[in-house]
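**Q** Chain by chain, the residues run as shown.
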Amino acid sequence: MGDKGTFWMPEQASKMAAEIDSLFYFVFWISVIFFVGVIGAMIYFAWKYRHRPGEEHIPDPLPEHKATEAAWIVIPLILVLLIFTWGFKAFLKLNMPPPNAYPIQVRASSWAWNFAYPNGTSIGTELHVPVGRAVKLTMSSDDVLHSFFVPAFRVKFDVLPNRYTSVWFEATQVGEYDIFCTEYCGTGHSGMLGKVVVHTEKEFNEWLQSSGQGDMTPEEYGQVLYTQQNCIVCHSVDGSPGVGPTLQGLYGRNEQLQDGSSVLADENYILQSIVEPNFQIVSGYPPAMPATYATLPAEQLDALVAYIKSLAN
Amino acid sequence: MGSSTVTAVHGEAHPAHLQHHFVSSDQQFDAAKMGMWLFLVTEILLFAGMFVAYTVYRVWHPEVFVAGATLLDPLLGGFNTVVLLASSFTVALSIHYIQQGNRTGLLINIFLTMAAAVTFLVVKYFEYTHKFHLGIFPGEHYAYSEVSMPYVAQFFSIYFVMTGIHGVHVLIGVGLFIWLAVRAIKGHFTAEWYTPVELVGLYWHIVDIIWIFLFPLLYLI
Amino acid sequence: MAHGHHITPFRTLLQTFIALIALTVVTVAASQIHLGPLNVPIAIGIAVVKASIVAAFFMALKYDNRVNFLVLAIGLVMVVVFISFTLFDTAFRGDIENVDHRTIDQIERTEEALKAREGQGPGGG
Amino acid sequence: MSAATNSDVGADAPAVHYLNHDKSIRSWLLTIDHKRIGIMYLVSVSIAFLVAGVLAMLVRYELLSPGQDVMTAETYNKFFSMHGIMMVFLFIIPSVPAVMGNFALPMHLGAKDVAFPRLNLASYYIFLLGGVLVVIALFVGKVDTGWTFYTPYSERTSDAVLFMTMAVFVAGFSSILTGLNFIVTTHKMRAPGLTWNRLPLFVWGIYATSIVQVLATPVIGITMLLLFLERLLGIGIFDPALGGDPVLFQHFFWFYSHPAVYIMILPAFGIISELIAVFSRHPIHGYRFVALSSVAIAFLGFLVWGHHMFVSGQSAVSSIVFSLITYLIGIPTGVKMFNWVATMYRGSISFQTPMLHALSFLFLFAIGGFTGIALGVLALDVHLHDTYFVVAHFHYVMMGGTVIAALGGLHYWWPKITGKMYNERLGQIAAVLIFVGFNVTFFSQLVMGSQGMPRRYYDYLPRFETMHEISTYGSWVLGAGLFLVMFYLLASLVRGRQAPANPWRAATLEWTHATSPPDEHNFHHTPIVTRGPYDFRAVELGGGDGHAAHAVPGTAAPTEA
Ligand code: HEA
Ligand code: HEA
Ligand code: CUA
Ligand SMILES: [Cu+2]
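Protein chains in written order, with my numbering: chain A, 1 to 313; chain B, 1 to 221; chain C, 1 to 125; chain D, 1 to 561.
Please keep in mind that the hints were generated in silico from the structure rather than gathered at the bench.
Please read these numbers as outputs of a predicted model, since none were measured by experiment.
It is possible that part of the hints are untrue.
What the hints assert, rightly or not - Below, a sample of chain D positions facing chain A; criterion: calculated Cβ distance under 10 Å:
#1 F228
#2 L324
#3 L328
#4 S348
#5 L359
#6 P500
#7 P503
#8 W504
#9 H521
Think of the CB as a built atom: it goes at the ideal place given N, C-alpha and C, for glycine as much as any other residue.
Next comes chain A alone, as it looks inside the complex (with noise of 0.2 Å):
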């Protein structure tokens, strides 16, 4: 199999996937059996007994055989039999997280995710996990409903507005995979992805600890911030208005409020904004930036402010 996968199924990359590859080979290669003999026959009929020119003699009409269409009714039946149960068994496990799995909190929203973790690190687009171990995602939505997939994991789940929903999986190899939103939410479904990231135990604990700061300055890790926290989605740094207004020169800029006031964008304002987005709302936009970044751990708020400090004219 190797890294790359095969013609049908993409890469392995947990413990449940080489299961559900066999299953589907299994379905496939009956289909493909089925498939042959039924298509086979119209084929090989079609040949055998075309219309001759000239022949113009009527074919007798078969009798019905009781027994043969018992045959392709019991046959078949057996056969789907064992595929429900094997299926649903895979099922089962595919859906029952073990009782020790590390727990992640996920939060989508039109479109973006976003993972917390059980230290108050939180982290938007990537995911990051150790190898070798269970990872239970529990899921929310924020708006509309979305679903989380991992093709390399084969995992799959709808994330629902208003009630928790789980996936878990083992990941087996380091490496970086792909999540798509597989449930349509809109304008940016497609452009809803992330990517996990598996690391070797170490590694993984080594992040969590520095939340993913590493050996950044806090100028550089707001940078990272700013993207994986999704602020690249409603604010630009080149001066061009987004949903919200852009970072660029934003530091010491006399702001004008909707409510008629002004006020100095100092680090307080900043910090303020970010994690009370609706208490001073900017003129000319709507009040809709998420409130979800109050629980930001103190590092990252004040990396972000850093950030935006540095984007001063």
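Model the placement of chains B, C and D with the ligands on the given structure of chain A, informed by the hints.
**A** Only chains B, C and D with the ligands this time, still in chain A's reference frame:
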């Protein structure tokens, strides 16, 4: 069922009501009636959707349905039940009479049925306006502070949608009875041919049957 | 041609009507007594009986072509299928832990209620 | 009765027939002739197919390479939604029943018309109203919900969805009335001697379909109504923000829409049964099994809707129940497949265009069916759900199955409907083009789907590019084939050779007892049926109608061969 195929006998005098593509009046009548039954089944399945919603939310939040029922008046509901049952009786009588060729009996019973249907709607109107007055609206507009547990709005959504669609059916029934009355007065119906009366009768009984379920489900339990 | 059509006698119709009224009284009465979990099945049972009476006599199914009964019966089977198969989901939602059987609203309300209880301090409950 | 002769089925063009006995526009618009209504449906659904097909070509063109090619994401989402909605509600559901059912069913039964001709016309106009609402929705705003209208997204996006829900509601009504009409027609309008065992299998197919239409369609009605009210009044049955349950919406939707896929395929099965028998000159093998399997599929079809919801959050119990029953449908379907192939055994098979489509149907539908089985496997569906594997599955069964069968049926009845023969050579070329183009378009989608390419994606990762390219090129071949069909069919109206009464030497009543095109009232005399629908020998010996001198007159049914 092979018996329903009929032998074509050409040259037989066709009664005026017999359409050209039917062979006999019986065939035409049976066909119309079966068509009506099929239509009634579609009505049942239409309401089935709401019964499913009812069952699902009742299983999830039984307490809400008990509380909701206390806000509905079983006396008014019961009165309306009796009214509808009576109208079912009169509509059955109207068919009974026309089958015997009694056109006066037919007409009287059509009017009685119509009166019952209108009574039903009037009572429903007062029930609705009373609710609106209290601020009981379906879904997110629900604003009655006395009973404000979670999901009570769902109960009233279901209540309004179910009784609303049922009410629309009653209203359509009234229209049909007016139409029947006009034709009856014009003397269109005879003991030989009264298909429209039969069909509207069937329709009306289904409207009644649906209410037979709505009443206990919404008002009583 | 009317010879083919069954004419339901007045007596039968009247009896049907009286039976229906009687059952309506029974169902209202039964709902006023508290029978615990029995109230719901009794009410539905009576409604089913009433509906059958209407169908059999007022709608003359009892005397009618069998095919019309079949039409109705198949329709009702589908209603039962719709309700029961939907209940397979909604009544068992969350049976294998990968889906929470409560909504997030419900979870939050429970937590708030618990907090409120704690807030009252020991002995407050 | 038995004095009637073969003269009424002569090869000459009848001077007066249903198409020309009254040529005024009014006589068309107000017609209650089932054949003319069939033609009006044919024109309408062909337009819907053309528009939806062109949208599909644009969708495919956009997917030729990653990123934006010719349209924005919003336009793309609008286009694939319109493609799905129009294909399903305006094209495929009315296609076979309302076009070929309307035309052929009463004739198969030896009836002068359907049971309720005026209702039939009404259901056409209701359908048209549905179509108009779709067009309004198209212009009022963006409907980008997909054809599934899942809540809560469908409650958040543009208000044009209101029109679309009404359109679906209205179109559903039309479908109900058609089904109701056909059921009663089949029960009450059969010609003397036409017992249930002598019904052509096309009638069985339409009959089973009609049952599903009557039982399932009201539920899409109430679903759309609730969705409408939910948007308008916020009744909170489906919207989680108001305490509703989005998964409940999916139950409502699929309670209709799964049976609806059998509304699409059962009439196609009926057509294929006719075609295979006629072009093999062999009575269908296992007639009763083929007939009753349609009814079995119709019934089982109501018990599997949850297989669209294995990863939606429904309970595991229901997933398991739905999955189990899903496979059971493979069994009666298999019975049909096997019997069709067995019908060819020892036949005398000719390869005119309708038969080419029938063979191509067997090939494509088998793939579609087996991919359906793969999707029904609980653990596999987790991986395959909402990927192009599903897209390929349903195009294999809908386009490769129903549409190909409908094309076969259209070619088969074309001489009867129009009285003209189309160009056989072009017909065969087009059939091959369509077959090849179809496989290229959708087999590549099977592969990319199982590789993980999600559906409803405007943009995609580079690793799927090759497969998308192949698929798009295939769609051009497919489109070329279909346009060729349109071209030579239209051309045949002007330049086509006059069709004989029974060009295929078939044995059902519309061929043996009626001219091409038929008389206004179908038959000069009500046929009396004394034989089965696939008794080709009787056709050959006695001119095929039950009236020939040696045929047993009267209604007594002789034992079947
Ligand atoms: C014409 C329409 C049509 C037909 C006939 C079918 C037929 C079948 N479909 Fe399909 N289906 C759709 C239209 C159709 N489908 C559509 C439109 C969707 C997607 C909707 C959306 O999400 O937008 C869909 C989606 C869909 C799903 C959900 C996938 C997902 O979203 O995750 C599933 C899952 O079980 C499924 C299964 C089946 C099965 C088991 C059959 C069976 O009936 C097939 C039976 C046939 C055979 C099996 C082949 C012949 C049999 C033999 C030769 C005998 C031997 C057989 C065995 C040994 C098994 N279909
Ligand atoms: C009957 C059903 C039907 C048919 C026939 C088709 C036909 C085609 N479909 Fe369709 N498709 C759906 C039903 C159908 N589709 C549905 C339900 C969806 C899901 C939507 C959703 O997700 O909500 C979908 C989605 C869908 C997608 C996925 C979009 C996405 O997920 O992002 C794609 C992508 O390739 C696609 C492509 C095609 C193509 C290339 C054809 C081609 O086969 C089209 C070829 C047709 C023509 C080129 C028109 C030619 C016609 C004439 C010339 C008229 C002639 C008249 C006569 C012969 C009488 N379709
Ligand atoms: Cu989120 Cu699609
Ligand atoms: Cu399905």
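**Q** Next, verify each hint and record whether it holds.
**A** Results of checking the hints against the structure:
no.: 1; hint: F228; result: 18 Å, violated
no.: 2; hint: L324; result: 6 Å, holds
no.: 3; hint: L328; result: 8 Å, holds
no.: 4; hint: S348; result: 5 Å, holds
no.: 5; hint: L359; result: 6 Å, holds
no.: 6; hint: P500; result: 17 Å, violated
no.: 7; hint: P503; result: 15 Å, violated
no.: 8; hint: W504; result: 12 Å, violated
no.: 9; hint: H521; result: 31 Å, violated
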